[in-house]
Amino acid sequence: MALEDEFSIELPDRDAEEILTPRLAVEKIFANKSAM
Numbered sequence: 108m109a110l111e112d113e114f115s116i117e118l119p120d121r122d123a124e125e126i127l128t129p130r131l132a133v134e135k136i137f138a139n140k141s142a143m
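When you read off a place in the sequence shown, starting at 1, and then add 107, the result is the number in our numbering.
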């Protein structure tokens, strides 16, 4: 997924399927970065 490449994160397929809006994408990115 382009988001994973751009932000150097790994999203499980289940999480990626939930991204339906730009806002959800941002929330997933920040949640993933915080977990690192």
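Hint data in this document are derived by calculation from the structure and do not stem from the laboratory.
Please note: incorrect hints may appear among the correct ones.
[As the list claims (entries may be wrong)] Taking lysine to any residue and the SDA-like style, the derived pairs with C-alpha atoms no more than 25 Å apart in a straight line are: (1) K135 <-> E125; (2) K135 <-> E117; (3) K135 <-> M108.
Where does the structure disagree with the numbered hints, that is, which hint numbers, in rising order?
-> none
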